[in-house]
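Novice: Sequence:
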Amino acid sequence: MISVKFPDGATREYEEGATGTEVVNSISKSLAKKTVAIRINGELSDLSSILSDGALIEFIMRDDEAALELIRHDCAHVLAEAVQELWPSTQVTIGPVIENGFYYDFARDEPFSVEDLKAIEKKMSQIIQRGASFTKEVWSREEAKKVFAAKGEHYKGELIDAIPEGDNLNIYKQGQWFDLCLGPHMRSTKDVGQAFKLTKVAGAYWRGDSNNAVLSRIYGTAWANQKQLDEYLHMVAEAEKRDHRKLGKELDLFHFQEEAQGSVFWHPNGFVIYNAMEQYIRRKVSTADYKEIKTPELMDVKLWEKSGHWAKFRDNMFVVPDEVPSMEDEEQVISGNAKLMALKPMNCPAHVQIFNQGIKSYRDLPLRFAEFGCCHRNEAHGALHGLMRVRQMTQDDGHIFCTEEQVQGETEVFCDLLDSIYSELGFNEVKILLATRPEVRAGSDEIWDLAEKSLSDALKATGREFETVEGEGAFYGPKLEFHLKDAIGRTWQCGTLQLDFVLPERLDASYVDKDSNRQRPVMLHRAILGSLERFIGILIENHAGRMPMWLAPTQVVVAPIVSEFDGYAQELVAQLKAEGIRAISDLRNEKINYKVREHSHAKVPAIFVVGEREANEGTVSVRRLGQQGQSVKSKEEAIIEIIKEATPPDLRQA
RNA sequence: GCUGCUGUAGCUCAGGGGUAGAGCACUUCAUUGGUAAUGAAGAGGCCGACAGUUCAAAUCUGUCCAGCAGCACCA
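Quick note: the first sequence, position 53, residue 53 per the working numbering, numbers continuous.
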């Protein structure tokens, strides 16, 4: 006999070899009906798993949060079966669960079309209705290789080879169809339910390596019930409406064009936001004792060779020969002998050049430089994405030169600065990741041990929680990544703090310590927004284009109802402008409905409507974006209200 | 860069081997109307670029360019 424990502390005895199914059946019929999987000692497993003596077990119902992963994984298997039923010569590869759904990669000569998805969904529905049980078998390596080879499944053969010797080789069957899989799965395909949808097709590299073949990937989403699926699809539609590229066009904020791929043309409206953000950050870093600097855009390639960027990022740099092309033969000719310059892809080496001027004393440390650094990176075509990924960007960059002992204090101060800025900008959920040494890197393992330890110790000392992501650090040092959660739950990496022992060494930075000895400073690279362009894109999507008053390109429109009161409207605009408010009048010969509609579409936060009553009483009828109706106030009161709201968050009186 | 899709008016899109279409926006005229569209008229296009097939190409084919969705990349 074996005994199993339940979460409430109870124990029960079963025959040797009892499975989760037997246990759940022994408890109650209704429980057995709802239970789709089991957790054994905390690990999600098949309900049909054989239990060991003393195991702690928990039942997973289909409606449990934990079952979502199983629903999606099982759904991926159903997708694969459906595809092979429809197109038997298609090879299957892998099909993992991802956020909100799953995908499956197939090897097939003909890529899938969007129309195919409908047919596949129909077939999947049938497979789910058939409700074949998932059963697990453990095969020998040889057997598995033979069977998959016979089926023409070469990718599965490669996967089998990659499984470490000694590990079990699980095969999950659902009726006639089977797949190599770690599991676990639910009881049968019926447990998947019908709340699923295939969303898109795309190409993807085998094993995520661009040197490998391109496979056809089908993405899907799956949920416990139709309501959840509908909510998810609604959320996706909402996100689409917020797309900053669409809003950028609608609100006349910026545009892109072919001749400057990936570089922003800021229109007057967009540049208001840009300037407001730049000025805001400038005030914040100035208060935090940073010295603002400006460094050259174009520098000799030699500097980038020295810093190590040339070796690693040359392919993504814009290189400019210092030469006027000759125009012989009507073709532009460049000799190839010219000195090579490069547009800076980042600012750090330039900041070190300023640090290196003159002799620095330990008394100068920590020395904090800030720059709105305009950087160019020749990003791959497919990587460009509106404001989120551009070729010309302006980083709110900064570098702190300090001693090893000062790292902890600087980390703490920086984290506080970030918290203050993010919360002022309306982002209250921040997740921190510590990214450690990548495979290709500069600096010895000892330096990396030290750098990773100092950074994580410093962060721990601030009392903040973080997760570690292995291998994601910069080539010169480990980094902290600060991820913001936006209004519809998406996360964006914005801030970063990177600890660097390598660049000061390579670029020979030094200071004189108490005992008159030359020492290497530590360099902290840091950014708060990341890039102004990208952050503005995030702000647009977060606010769905309805920018808070202090960032709104036009803050107030004053619209008279009839032309008789144009004078009163102009007077109001003049008063608002005198207070630094971005106000305009709309004196067009149009109905008030039309004006209100138009300015509401333009997402102007406040409209002052004035007619006979207002002009006679010295009032305004204030209509606020997103609110029904309007309220009448004295003009003084209305203006004071706008001034308050238009004040940047760091300048507001508490 | 890779795979797939798309490219027609300022915007959103329909059409499709034989004279280029709609709505909105724009211009003009009339309208002075109290909180999300007043009416009428007009103007606007090398149908992404280049080549090929054809009596004839915006339409079919090919190449290229750009955008989009993923992938890969992201100092």
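Just so you know, these hints were derived from the structure itself, not from any lab.
Incorrect hints may have been included.
[As the list claims (entries may be wrong)] Within a straight-line C-alpha distance of at most 20 Å, the following computed EDC-like cross-link-like pairs (lysine to aspartate or glutamate) qualify:
#1 K33 with E85
#2 K302 with E278
#3 K123 with E85
#4 K284 with E645
#5 K644 with E465
#6 K453 with E465
#7 K577 with E636
#8 K241 with E598
#9 K485 with D566
#10 K241 with E258
Novice: For the pair supplied as a hint, K453 and E465, confirm whether the alpha-carbon distance does not exceed 20 Å.
Specialist: OK: K453 and E465 at ~15 Å, within 20 Å.
Novice: Holds or violated: K577 with E636, Cα cutoff 20 Å?
Specialist: holds (14 Å)
Novice: Within a Cα-Cα threshold of 20 Å, do K33 and E85 meet the stated pairing?
Specialist: The hint is violated at about 30 Å.
Novice: Is K485 close enough to D566, meaning Cα to Cα at most 20 Å?
Specialist: Not satisfied, since the Cα-Cα distance of roughly 45 Å exceeds 20 Å.
Novice: Are the Cα positions of K284 and E645 separated by 20 Å at most?
Specialist: holds (19 Å)
Novice: Given the hinted pair K644 and E465, is their alpha-carbon gap at most 20 Å?
Specialist: violated (35 Å)
Novice: K241 and E598: Cα distance at most 20 Å?
Specialist: Within the cut-off at roughly 18 Å; holds.
Novice: Regarding the pair K123 and E85, is the alpha-carbon distance no greater than 20 Å?
Specialist: holds (8 Å)
Novice: For the pair we were handed, K302 and E278, check the Cα-Cα distance against 20 Å.
Specialist: violated (31 Å)
Novice: Hinted pair, alpha-carbon criterion (20 Å max): K241, E258. Please report holds or violated.
Specialist: Measuring from Cα to Cα gives roughly 24 Å; hence the hint is violated.
Checked against the numbered hints given earlier, this structure breaks hints 1, 2, 5, 9, 10; the rest are met.
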